[in-house]
Amino acid sequence: MKRKHFLALADGSVFYGVPCGAPCDALGEAVFNTGHTGYQEIVSDPSYAGQTVVLSAPEIGNYGCTPLDMESRSLFLSGLIVRRMNEPSNWRSRESFRELLCRFGKPALSDVDTRALVLHLRRTGSQRSFLHAGDEPVTPEEGVARARQFAGLDGIDMTSRVTDPNGSYWEARSSFPREPERKEETAMFFDKEAPLLAAFDFGIKRSILRSLSAAGFRIRVVPSGTNAGEILALKPDGLFLSNGPGDPAGVRGGIETVRSLLGKLPIMGICLGHQILATACGAQTGRLKFGHHGCNHPVKNLLDDTVAITSQNHNFAVVKDSLPPELELTHVNLNDGTVEGIRHQKARAFSVQFHPEAAPGPHDAANLFRRFREMF
Amino acid sequence: MLVGAGPILIGQGCEFDYSGVQACKALRAEGYEIALVNSNPATIMTDPEFADRTYIEPMTFDTLAEIIRRECPDALLPTLGGQTALNLALRLEDEGVLRRFHVELIGVKAEAIRRAEDRDQFKTAMKGLGIEVPLSFSVHSEESGLAAAEKIGRWPLILRPGFTLGGSGGGIAHNEEEFKTILRRGLDASLNREVLVEESLLGWKEFELEVIRDRQNRSAIVCSIENIDPMGIHTGDSVTVAPAQTLSDREYQAMRDDSLRVMDAIGVETGGSNVQWAVDPETGRRVIIEMNPRVSRSSALASKATGFPIAKIAALLAVGYTLDELRNDITETTPACFEPALDYIVTKVPRFTFEKFPAADSTLGTQMKSVGEAMAIGRTFKESFQKALRSLDTGHDGFGADAWNDRLASWSDEKIEQEIRRPNAERYFVIHEAFRRGKTPEEIHNWTQIDLYFLRKMAELAGSASAITLSPDSIRDAKEDGFSDRQLAHLLHMTEGQLRAWRREQGITPVYGTVDTCAGEFAALTPYYYSTYNGEYDEPVSRCAEGKRKMMVLGGGPNRIGQGIEFDYCCVHAAFALRQAGDEVIMVNCNPETVSTDYDTSDKLYFEPLTFENVLDICEREKPDGVILQFGGQTPLNLADALAEAGVPILGTSPRDIDAAEDRDLFRALMQKIGIAQPESGIAHTIEEAMAITQRIGFPVLVRPSFVLGGRAMVIVYNEKYLRKYFEEAEKVSEGRPILIDRFLEHAVEVDVDAVSDGSETVIGAIMEHVELAGIHSGDSACSIPPRSLSPKVIETIRRYTRELARSLRVCGLMNIQFAIQNDTVYMIEVNPRASRTVPFVSKSTGIPLAKKAALCMAGRSLREVGLSGEVRIPYVTFKEAVFPFAKFPGTDIVLSPEMKSTGEVMSIEFSDTHAYLKSQEAAGNMIPQKGGVFVSLRDADKKDALPLVRELEQLGFQIYATQGTGAELYNSGLQCQAVFKIHDGRPNILDLLEEEKIQWIVNTPNPGAVSKVDEIRMRAAALMKGIPITTTLSALEIAVRGLKTPEEGKIVRSLQEYHQRVRTE
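Those protein sequence lines, which keep their order, are chains A and B.
The first sequence begins at 1 in the working numbering and counts up one residue at a time.
The second sequence begins at 10001 in the working numbering and counts up one residue at a time.
Since the hints were derived computationally from the structure, they do not count as laboratory data.
What you are looking at is a predicted structure, and each value in this text was computed from that prediction instead of being measured.
Note that the Cβ used here is the ideal one computed from N, Cα and C, for glycine as well.
You may find that some hints are simply not true.
Stated by the list, open to error - Lysine-lysine pairs mimicking DSS-like chemistry, simulated, CA-CA at most 25 Å apart:
#1 B:LYS10109 x A:LYS4
#2 A:LYS264 x A:LYS346
#3 B:LYS10931 x B:LYS10793
#4 B:LYS10623 x B:LYS10604
#5 B:LYS10721 x B:LYS10623
#6 A:LYS2 x B:LYS11045
Claimed, not checked - Not close to chain A: a few residues of chain B, all C-beta gaps over 10 Å, as computed:
#7 ARG10193
#8 ARG10218
#9 ARG10250
#10 ARG10256
#11 THR10283
#12 LEU10323
#13 ASP10324
#14 PHE10354
#15 ARG10456
#16 GLY10535
#17 CYS10619
#18 ILE10798
#19 GLU10996
#20 LEU11034
Next comes chain B alone, as it looks inside the complex (with noise of 0.2 Å):
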């Protein structure tokens, strides 16, 4: 039995994914037989063939004891993902359920997951061991807290809270006041209440190895990696670089050897282990930091760096091979038993979205931030930061020098050391513009503790950008440092096009070096390759085999709210598809944590920036047939008419026919011709025509800038005080391009269709009914599969549209569309001729491999072809519900909006439709109590609606506690419930309540596009701390109240194999 991660989160990302994976491939090709567990649709861990039988189902303590008891497996394997599945594990152990059903904890016991985790434990084992730990306290108040505090002496001190994910409630604390608040949420986001007061080691220098072990002690390390941003900054919001660059033999070997006596003295069995170390850069002073045993994202990172699979050799070990038993997979000659050679430089960056968190602070520190990351190789560290810096896409062409980073000229010099100084998401970029004014690198070494190593290569490059002139040795010596064509451009005064054309005409073109673990000493069998204008050495391209097509798919790139794992898997099943036809498949990505970059998921990786220019001369090189951008997200999407007009064959949708979906006046036209209704609408560039709109259809409208993904900047606006103060916000991300306008439908019910067609014929996927009304973004709302509430007219009314637009559009592939309905009334909100978020979703609903289907069908083939023919019906019904990173960013409210704030989502799957709500709540970490106090605000619209459903909560045994305006209402229909004070009116108020644990369940329906109160804010982050469960709409309710009213007997689990079975026979 394999546990997989559960929803993707800030600090558990899709690596888990990858991992579960490859963890599932190589198990059962030894035979075994798995059984799965994991609550998130969108990992290809959950796909049905990985397993053989996949329970998606809540990761709790007593599901697993369910599906344990159902399954008896002979082994459980908790390595593979992440702190949830270690957690979980750890559960079933102490509670006697493993004993009880004779299963084996593999890969790790739990004494040793207690001895890494528990900081007493832990410091003890490594005292034993002579390896020095910073000092530290773990505390269990606020005034063990504060005595540890004066112990050490010395501001600023570490907050580390024990067993959580990624370092949630951590922080720095500067002085008294700070370090009372941190500890308190520590304390709250703990599992046993622990936090860890600790000696600052802010500046010092940080590295991780990743070790791999068998059950005969044979170890090795399979990568290194120096952290550039120093200790105070989580790793996981770090840069960092592999191998590590700055430590001598010395010190690296004295580390490898600690490195593998903690893996010893932790007593970790087999598989793979991450162990952290800070290093004092004045002294060389070595502390340990911590030490994972088990998979995790910088063995994801590892292994892409350096093509050794760990959590494939980590599953085989876990199983009793060792590691001279196991091949190299990558040299097929040599054994697992090594330790990779590194003859390039690979960087990761992390990847933010503080834009879509305005409120939250954007300050980098010890709690993790950042929502995925992207990986570059290049030759020399100059290269490949600069390819690690674009492959972010978020407007940077590479380290500076580009428009982005002419924007820092009107900086002044104090604002430029104080970002400098103030660890952020865009520091690297203000450096830069440091160098440029002539700072040294020991100046920004003073401000940031960064290795001079790292800052002199900066200013070089920031030096070097400014003597660039076009000639053939000045445009090479730019290319080897990793210079993009767009910021040769830039500083040359050039568009891209013109830069790349001379540059191809002087000859000045990448060669392709593979990631072969050794350094070439061996010959490399797998083609796993990167650009680098570092030699003139190319790796000879290989001929694709006679009868076959060549097809490459281009990637999403790092993961982000509203660009995530669903698109990696919409990818990684063309692949899969295109492949199993026959076909040779390219895959061009650079997200370290994917599926899609594991060398044997295509047939050829090429791990790159999904930049136009590095796009293109991957089809130069490898002249493919056909080319997949419409499943990985906007990303690649964006390069869709750059790459058609350079004459790359672009397969299903054209690309003109999806900027028709997304050209407001084509599609308005064309919607009016097949008679679909819209919601009125207008485009306006400034205030005065955005208010001459609202005159012509009336407030409240939806408002937002051209040309997003995941709601970027889009809200409901009420009046007109407010559309002025979006469009003074609006200006920042819309780049002048226009903003949108639409009518907001309000109480409509939103619906999403995903469908896949031929070019002729169109096969709807799935219609998904949302539980929030239209207003949220469809990212953050809770939808089922099938529609709940609509009637069969509007649902043929959905599937002819559905039809007409697959028709007009021309599409060829996949196709999302989002409608509303007000009053039977169907609107078209949306159409995108692509890969949607809901794809994962779709397929592990109907058992039909939505994105498979259409990357046949764009590759040629014909729906009846790959034995698609209609519309599945399924006897069963399944929800999806979001998952949000809030706790992660205090101080945030917590409301939805049109802005797309989750992370991740969960899936569930019951006979009836209020079951299968409760349970995807209880996945999504959001259980609704069966009994105890529940607190009640509503906004006036909704009380009227609420009543009954207040009432029956009455009924069910449920305390009602409620404001003075909600509860004056409730009083006078007849309802007993305890006035609460507003938390500025006096006390007791909510917050006191939660405190005293009165609460068990919060329904507040916040008023959408007004600001909140600050009351609100502050209930809805008590709440969240405490773990209480928020429900926010009344539709939400609805449901919920109903599933109460008819509680299951029991627990009961099912495999999706189990369900799929029905799909077929009924």
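Just chain A, same shape as in the assembly (with noise of 0.2 Å):
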């Protein structure tokens, strides 16, 4: 039986599959994921916006879908790819991940040689894909060219696509269940005293916003594109910068606003705003050959010579040539070396690349918010 659907790479490569998702097309980025757990996570992290993801566990869906793991409001990514999708098994699932793929209208393929796909993008790198799971149907080759025309996420700001125009407030709480279904842990009380933080919301997770207020911070989160000025009308004690989406040198009213406030406000940057607060102070970034995509990565802490496992997304990194005096490096990552955490020598500011909040992944590095916290 010739299978009809497919993912086509831009280099002309062709992965067949079976729908597994919303019946339509879509074009994006493939990168892969080589975590276990954590499938709902990844596809409802905003930082995936513009990808088509590939999962390299090879049984997905199996423990279900529940709202208390969506890390947004939605899912941003363009389509996933998996092995074997199945129907979920546990006591916390209320949708199987097929539904909520279709829900939020996003394709997906099952039956895919996913470790073959892993291990063509590990050598040729992230590629530009046209994923068919539509009904209407495309020919291989049309897929190929459609691939080819895509014009990719380089250069461009997509945080103003995923982030919340509305904004949002998050009071600081005394803590925030690792199991929320457990009653007996959500016992809590509010800190309305608690220093206020201005986030950025270039995609930010949830669960980013959950550390922060378990922390101990008040949290106003602010859409991608607001200026200093309007930060600084907050009045806020600090700023946090989230993680996103796409290329860092795309977010140029971001990069800007982060300049003006730097030493004004103390700051703090996962991932994406990490790569923002480093290019404000002068540093580059630069493109990964395949990113980084999983929860098994280890990142030493120059710091206190600590180790930690993390979870991590993403397909750009700071260049660490690039990093001006005033930028101390503080983590590296233990795999490939890449800059992993940076911090302002004069200013209070600092920042990782990798996700302290998890989900999916470790929690080793949650001691981070902490650690922000105490500067105020």
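Taking the hints as your guide, dock the two standalone chains into a single complex.
As structure tokens, this is what we get:
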């Protein structure tokens, strides 16, 4: 039985599969993620906007989905590729993964030779791709041609596509339960006196907000594109730069804002926020061949000589040689030596490339939020 | 100093050889001097080249203390030798031995061992962390046990004794009566008479996390493992998958966080540990079950499943390295400080041998009963699960849909339900039949509490089996789901050969993935492969370097009784020898516990089932220049004919000649031609034929089905009644093949010979004389090198016969022969032109690595070229003694028979045979006492011969007790002894005396063949539980008495290297 649906890459290769999400086509940058768990967190992470994600873990959907595991208000990725799509079996599940993808109109393919695809992407690097899971027939040749026509994500400000224009406000809470369904852990109180953060929503994950709140911050989330004056008008005690999709070089407004607030407010950045802080301080960013997407990256903290197993999701990274003297390298990736964290020598500002909020992934680096809180 | 795990037992298998070998290799490469202690000669770690000094000595406190006194090591590493090593280390610490000789305990401190092992301390530590533990009470007596049961207030209750191996003596009690029985057994099994009475978590999901940590508190989870069998079945007896499949990221990460906190709170300094969790499937409530502050069976599994060498890394961390300083061997570019990512599913299935213990309860519970395991890797759960089931070599070709499963068609629905509700070894295959009959996953879930995720996959497999047609699409889909050619052939009424030919014509062939630790994120340099039909991408086959030959070694599959670590030892030696000789070696095996499946044992590792299909697929891909299948035991040997027919170049003795040695008629003709005596025999298909044969040759006879390993279903029969009974039962295992009948040689001495031949010359490795007389399986007998009672003429005859046999059977490689000597006549019992169980013992005794020499001969060298010129004579005596799993099978009689029952072995070396023998008994946990009470119960035939021995016991100061029959005999010869009632005749009987601790030794020679009386069984079972040694043969008693007459001056230990030195110099 010849399969009609496929993922076509710009280099001409085609990987066939069976639709297991919304019946539509999608353009995207093909990347792979090697985590064993956390498919719902991955698809709801706005940082994947514009990307088609290949999951290397073969059995997906096993534990279903729950609203509690949504990392944002929607799914922003382009599409998803898996080996096997399963029905859920877990007490937390409220809907199947397939249903979630369909509800948000996201195409997906199962029964793809995901290992071959991952090895291909490792060798050739992340690629522009066309995912055909729709009902209208598309030939593989057409698919490759459409992948080639896709402009890609370089140089574009993707944050404006995912930021919540309405913003939001979060209280400082005594704790967030690790397992939210477990009733005995949900007792908490609000700290009305806690310092107020302005948090840039470049595509912010809810886990970051939960972590900041639990670390003792009140948070005013502001959309990407908010300028320095508007932020200062909120009278915040500090500034947070969130994760987000795409090329940091494209987020010119954000970089400008950070540059003018540097030194005025304590700043913490994660992922794209880290790249923006570095860029604002004069460092350069560049594309990694196939990025870091997974839950098992060892990162060494050069300040205290600890190693954390971290959750990662980025295709761009700060170029080590471009770090200006006032930026101190604080974290490196033990796998490939890339920059994982910096701090400013004079201004109270630091940032990390990896995700201390995890979700999905290990919580080894969660203390960074407390470290930020201690600056106040 | 490194402490091994001693003999292979249920719950403590060859995984500790794997870990010890990794540790030795890693530490020596770092320049450390190593003293190693292990009583198990069948291990690779006790090969003299793996340590500077290797002590094959009893694993007892006294012995270890003496070795420490002699060696004065800087440090003791106890975390790689299982619970045995950990318990010994704790004792050495407690008694001040370590302090006195300034030995540092590394890897784990004594307080941490105690905190993890002592239930109360553990509970307190967990409470401190806010981690839930099951409601439980630690009790030390029956009264406190009953009080605890009342407090928990609902059945069932779980009982776990503290400080034991593999959950020995534990169980699930559904009512007060069961509770009392298990409690008593548990109190006896526990080293500190402690039993944990615990709330039942039956049906909860069970998970294990393998954690590694360095002294800087950098830690990582190497692997998560999910048990498909829910709580209530020992994890060693559960089918498990890695990574965990049914946990969301939130649940998994919370479990991960807590596992790391547990490591910290228990105080594990460095190394690998394992943390077990139970999760309520309804609410997600999670409780901790236990943590092991050491490398475990699960660590071996995790290492093989992920490619992360836990034991090696743990050893290096123990001497001070940190995780970020060590490399990941597989990628060679990234550090060892990471968590492996898997893009495949690993399934482990336990291997049971209930057929060996028909009286034992085959229901699985919290006490481990499996003797081995098989692991399989597939890209999907279905593929992995089916591969794992056929790796067991138990007649299953996958998950049902085979001839085995067809037999279940006749079962009633009630029986199906009953056998699914009752956890047992074959339950999954019954589940297949239930699905075939239209049961739903929900129904099976209600019966078993197995997670629906797994049951749905199984239901899909059962459903798809019936829809398979001979079309490319259908067959390709089936192969993706892990169906074997044999299953497909069975479903489509073809032969396996036809199906295979058709499949290859259609281009449906497997591809090979690598175990790369990183799901493809980095390039993997270590070639560690598995086959899959899920995908089209195939790893390129690496070319052999110029001038090298490709040699393939087939391993033995899962350990079982009769085919254990000894065969893996031989396979590993073949790999080492051929690599050293410059060949490229490919290993194929599916046993995660072994050294053979370490990725650095061979040049390439294929983790695959040892089936014709999977092996031939690899051969067609790699095109080896030669295949060795004579080293892995019966499993690979069974493939010989088919592989040879398929054109695979098989090295060494040809499959045809191996068959000739197994074929009764051919072999008898050969024996007649070269003039070797054999016991008279015949072949019977029916009881009538059997009766005719016994009329010709007379009783007693040895009967068994043809083609067996480990003497399965083999017994000595003394009369017609038992012969009839045997025939009824034999039909179950013989599968229509005939029954072999031999005259049984009573009072014959049995001899094993291991030899190696290059096709023209033959060198004898050693001649071993058994302690037990003929009639007890050679794997269960103690034996010595050199022989003790054989005349020079007999020995010369044995040598001549050995050479004759090697020549006549065109043996090239290893050969094992069993002779029986009756009145100076040498009878041939059996010839096996392949590796034998005794090869490691012979090699350790003589210092000649027999398997290595044999492998080189098979690959084309002559004995002269490999430097083996003649038989070695040793100026000392070595003994091998078997170790048995009876304690794990309550209700099983411990009488030895032609059916092999031992799981492992120990070895001893001394300069006198008596001391060597006594030491072997000590090593086997059967230490003969120096004084005290001896209970003597003899069969009539032995009474006369036993008298002088019993007299000597009396003279040595033993108090003699005997039953009336034996006692009268003794009294008549002027021996003082105290009469004891038979158990059913009155009191005090032997059970009372055991209870009062008046008896320290039992001498009981049961009638072979006859079914033992209930009395005897109860006595032996009671003695076993009390740890009282039982001597069951007069020959054993004779050596023991001689040894007791000349007690050794103090404790003497010597290393293997020192002994071997003497071989060379003398």
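Hint-by-hint comparison with the structure:
1. B:LYS10109 x A:LYS4: 61 Å, violated
2. A:LYS264 x A:LYS346: This hinted pair holds, its Cα atoms lying about 11 Å apart.
3. B:LYS10931 x B:LYS10793: Between LYS10931 of chain B and LYS10793 of chain B the Cα gap is close to 39 Å, so the pair fails against 25 Å, i.e. violated.
4. B:LYS10623 x B:LYS10604: 13 Å, holds
5. B:LYS10721 x B:LYS10623: 54 Å, violated
6. A:LYS2 x B:LYS11045: Distance ~83 Å between LYS2 of chain A and LYS11045 of chain B Cα, so the pair is violated.
7. ARG10193: 37 Å, holds
8. ARG10218: At about 4 Å from chain A, ARG10218 of chain B fails to clear the 10 Å cut-off, so the statement is violated.
9. ARG10250: 6 Å, violated
10. ARG10256: Not fine: 6 Å to the nearest Cβ puts ARG10256 of chain B too close to chain A.
11. THR10283: 7 Å, violated
12. LEU10323: 7 Å, violated
13. ASP10324: 5 Å, violated
14. PHE10354: Since the minimum Cβ distance to chain A is about 31 Å, PHE10354 of chain B lies beyond 10 Å and the statement holds.
15. ARG10456: 7 Å, violated
16. GLY10535: At roughly 4 Å from the nearest Cβ of chain A, GLY10535 of chain B sits no farther out than 10 Å, so the non-interface label is violated.
17. CYS10619: The claim holds: CYS10619 of chain B sits with its nearest Cβ about 24 Å from chain A, beyond 10 Å.
18. ILE10798: At about 57 Å from chain A, ILE10798 of chain B clears the 10 Å cut-off, so the statement holds.
19. GLU10996: 53 Å, holds
20. LEU11034: The claim stands: LEU11034 of chain B keeps its Cβ more than 10 Å from every Cβ of chain A (closest is about 60 Å).
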